[in-house]
Amino acid sequence: MNHWLVLPLLVPALVAPLIALLARRGIVPARILSVASALMVLVLAAILLGMAADGEIRTYALGNWPAPFGIVLVLDRLSALMLVLTGVLGLFVLLYAINGWDRRGEHFHSLFQFQLLGLNGAFLTGDLFNLFVFFEVLLIASYGLMVHGGGAARVRAGVQYVVINLVGSTVFLFAIGVIYGVTGTLNMADLAVKVGELAPGDQALLQTGALLLLLVFAIKAALVPVQFWLPGTYGNAPPPVAALFAIMTKVGAYSIIRMYTLVFGGGAGDAAWIAGPWLLPAALATLVIGMLGVLAARSLGQMVSFAVLGSVGTLLTAVSILTPQAMSAALFYLAHSTLTAAALFLLVDIVASRRPGQEDALTVAPPFAQAGVIAGAFFLAAIAFTGLPPLSGFLGKLLILDSIRDGAVAVWVWSLVLSTSLIAIIGFARGGSTLFWKSTAVEGAFESTAQPVALPMIAVGLLLAGLVLLTAFAGPVTAYLDLTAGQLFAPMHYIDAVLGEGRGS
Amino acid sequence: MFSLEFVAASSIGVLTAAGIYLILRARTFPVVLGVTLLTYAVNAFLFAMGRLAVNLPPLIAEGAAGYADPLPQALVLTSIVISFGMTALLVVLALRAWLESGSDHVDLEATDPDARREEP
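So the sequences go chain by chain: A and B. Counting along the first sequence from 1, when you hit position 72 you're at 72 in the working numbering, and nothing is skipped either side. Counting along the second sequence from 1, when you hit position 100 you're at 100 in the working numbering, and nothing is skipped either side.
Worth flagging that the hints you see were computed from the coordinates, not collected in a lab. Keep in mind that a hint or two might mislead.
[Stated by the list, open to error] Label-pair ranges, simulated between beta-carbon atoms:
(1) B:Gly63 x A:Pro200: 26 to 36 Å
(2) A:Pro29 x B:Glu100: 25 to 35 Å
(3) A:Leu14 x B:Asp107: 34 to 44 Å
(4) A:Ala153 x B:Thr78: 28 to 38 Å
(5) A:Ala199 x B:Ile60: 24 to 34 Å
(6) A:Val35 x B:Val91: 32 to 42 Å
(7) A:Ala199 x B:Ala65: 16 to 26 Å
(8) B:Leu99 x A:Leu39: 50 to 60 Å
(9) A:Ala199 x B:Ala18: 28 to 38 Å
(10) B:Glu100 x A:Met51: 40 to 50 Å
(11) A:Gly105 x B:Asp107: 23 to 33 Å
(12) A:Leu422 x B:Ser11: 53 to 63 Å
[What the hints assert, rightly or not] Which residues of chain B face chain A? A few of them, derived with a C-beta cut under 7 Å, are:
(13) Arg27
(14) Val42
(15) Phe45
(16) Leu93
(17) Ala94
Don't be surprised by glycine CBs; every beta carbon is placed ideally from N, CA and C.
The shape of chain B in the complex, shown without the other chains:
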C-alpha cells in the first residue's frame, strides 16, 4: 500500500521532529532522549542515501543489474559508534551537573523553581 520510500522518508521526518522537540525542552533528560532520536534519524537518513533498493547484491555479482552501495553502511557504522559514545558522555555529564548544581536545566540561567533539587 505504502511505498518503501514513503515509509522511510516519513519515519526519518517523524524521528527528526520528535528529536528537535525534545531538545528544545532544555532539560537534560528530554535533551538526551532528543539527541538519541536525532541520531537515529540521521543514521537512517545516511543509510537511505545509498538509495533504497531490494534484492541487489552487496558490491558485485555476475549478471546483476546493479549493486547496493556499501559506503553509506560504513558511514552509518562510524556515526553509530560516535553517537553512542557521545550519548553516554552526555548522560554522565548531565548527572554530574545535576548533582553539583542541583539543576537539570541545559540553559545557564535556571529561573524555574521546579528545577531545584530537593535537599534531603
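Pulled out of the complex, with its shape left as it was, chain A reads as follows:
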C-alpha cells in the first residue's frame, strides 16, 4: 500500500480546523499555516507526479477495505496532472490573498484549505459516490469563499450560486441512484466492467443515468445551456476567489474526461462513447457565447468571466472528439487556460483597487498608479488567452486544431475556434486600450488608497512565469500528455490496478 496518495487530502484536512482553532490569535498564524500547507500540497503533488510518470497506476484502499467494497483512491497520470495544477494555483492565489483580502471576512484560510481538500479528493477518488462527497466538500468551502467580504451584490450572487449547485447535487444523486440500480456498484473500475456486461433491457436506464451525470458535470463546467450561473458568480466573487475558481470548472471537465473514457468508453457496449454527440454542440455553443460575452462586457471582471466560459468551450470541444490526440491537446489547453484565467482575475483586482469610484469598469479615466507594469502583465495574459503567438494559448489552440482534421466536425471546429479567437482579440484589445492606453491622455489622477505592495505583483508574475514555462517546455509537457491520453484510452490497466489482475480484459 502506497501511503503517499492520501497525504494531499490529510494535510489540508488537518490544517483547516487548526487554523479555525487559532482564529482568535489574529491573522499571522493563519497565514503561516495556510501558506505552509499550500506549499506542502504542491510539493506532495509534484512527488505524486514523479511517481505517476512511470505509467503504473497506484491505488490506496481507505481503511484497507479491498475494492470494490471499500473506497479507493487512484493515482494515474491525469490525477497527478490535476493535483499539480491545483497545487500551483492554490499557492499562487494564496500568496495574492494574504495581501489583505483574507482580512475582509472571517475564516478565509480555513475555507481555502477545505477547498484544496475537496479539489484534491475529487481528482484522486476512484468511487462515484465519493466523487459526489468531495464535490460537496469543495462546494461548501466555495459557498463560504464566494460570499467572503460580504456586500449586497455578492451575497445575492452567492444565493444564486448555492441554489444552482444544490439542484445540481440533487441531479447528481438521481444519476448515481439510476446507475447503482442497474449495475449494483459505484466503484468506477467495477462500473467499467459491469457496464460492458449489462443486459440489453437495462440499457435505457443506464444511458439515462449516464446522460444525467453528463448534465451534472456540465453544470460544474458551465456548459451551454447550463452556463448562466458562471458570469454572475465569477464577476461578483472576490477576485482572488474567482482566480481559485478557475480550477472549479476544470473539476467538471476532469469528471467528464474520467467517466466518459473509463466507464462509458470503448468497453461499454451500447453505451460506448455516449458523451461525444451531446458534448460537441454544447461545447461549440459555449465557445461562441463566451467569446461574444467578452466583446459585450462592460467591466474587466465580466470580460474575464466570459473569457473563462469561452475557454471551457474550447477545452470541451477537444474533449468531445474522444480521440487520444485531441485529448492530449485538450489537457494542454486545460493547464494553460487555468493559469491564464487565474492571472487575469488577479489583474482585475489589481486594476480595481487602484481606481476607486470606477473600479474595473471599462471606462476612460485618469491613469492610475503603476499602470505601466500592470498594462504589461495584462498584455501578456491577454496574448496567452486569445491564442496569439508566442505564448501557450497559441500552442494549445494549434494542438487542438491539429488533432481535429477529418470530416464535417473539423469544418465546424476550425471555423468556430478561429473566428471566436478573432472576436476575443478584438474584445481584449478594446478592454486593454480603454483601460491603459486612452487613460494616458486624460488629465488628473486617482486618489490611490491601495499602497503599492510587491506580493500581489509577484503572485501574478509567478502565474505568468508558469505560462512562459509551459510554452518553453511544451515538448516534454506534450510528451507527458500524450502518455496521459494513451493511459485514458486504455482503461484495462486502470481496472486491473483497482480490481486485481485479469479483470480489465
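Given chain A, work out where chain B should sit, using these hints.
Frame of chain A, contents of chain B only:
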C-alpha cells in the same frame, strides 16, 4: 389495492414535480422549500434503488431467500446529512441577502416592485 412500487414511484414523482415548481418561483422562501422537497424525493429514490422488498433480513440470515441491500441506506444517510447542512446554509444566506439588498429574488435582476422590502 395499490402496489408498493406504485405508491413509492408516484410519491417520488409528486415530490420532484412540486420541488421543481417551487424552485422555478425564483423567490428565496419557495426555493428553500423546493430544494427541501427535491432532496426528500432524491433520498426516497436512492432508498428505492436497493429494491423495494419486505421481510428480508438486513445483510444475511440462515435460510433466507435474499437480503435487503444495505448500501443505499448508507448513501441516503450521507445525502441526508449533506442536504440538511446545505439547506441550513441556504436559509442563512437567503436571510442575509434579503437584509442586505432588500430583495428576495434569486435571479440577479429584481425588476418586480413587490420584491422591495418596505423601509421602516
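Here's how the hints hold up against the structure:
1. B:Gly63 x A:Pro200: 26 to 36 Å: Distance hint for Gly63 of chain B, Pro200 of chain A holds at roughly 34 Å.
2. A:Pro29 x B:Glu100: 25 to 35 Å: This hint holds: roughly 31 Å between Cβ atoms.
3. A:Leu14 x B:Asp107: 34 to 44 Å: For Asp107 of chain B against Leu14 of chain A, whose Cβ atoms are near 40 Å apart, the range 34 to 44 Å holds.
4. A:Ala153 x B:Thr78: 28 to 38 Å: 34 Å, holds
5. A:Ala199 x B:Ile60: 24 to 34 Å: For Ala199 of chain A and Ile60 of chain B the Cβ distance comes to about 25 Å; the hint holds.
6. A:Val35 x B:Val91: 32 to 42 Å: At roughly 34 Å between Cβ atoms, Val91 of chain B and Val35 of chain A fall inside 32 to 42 Å, so the hint holds.
7. A:Ala199 x B:Ala65: 16 to 26 Å: 21 Å, holds
8. B:Leu99 x A:Leu39: 50 to 60 Å: 39 Å, violated
9. A:Ala199 x B:Ala18: 28 to 38 Å: Taking Cβ atoms as reference, Ala199 of chain A and Ala18 of chain B lie about 34 Å apart, which means the hint holds.
10. B:Glu100 x A:Met51: 40 to 50 Å: Once the Cβ atoms are compared, 48 Å apart, the range 40 to 50 Å for Met51 of chain A and Glu100 of chain B holds.
11. A:Gly105 x B:Asp107: 23 to 33 Å: 25 Å, holds
12. A:Leu422 x B:Ser11: 53 to 63 Å: Roughly 54 Å apart at Cβ, these two residues keep to the hinted range, so it holds.
13. Arg27: 11 Å, violated
14. Val42: 4 Å, holds
15. Phe45: 5 Å, holds
16. Leu93: 5 Å, holds
17. Ala94: 6 Å, holds
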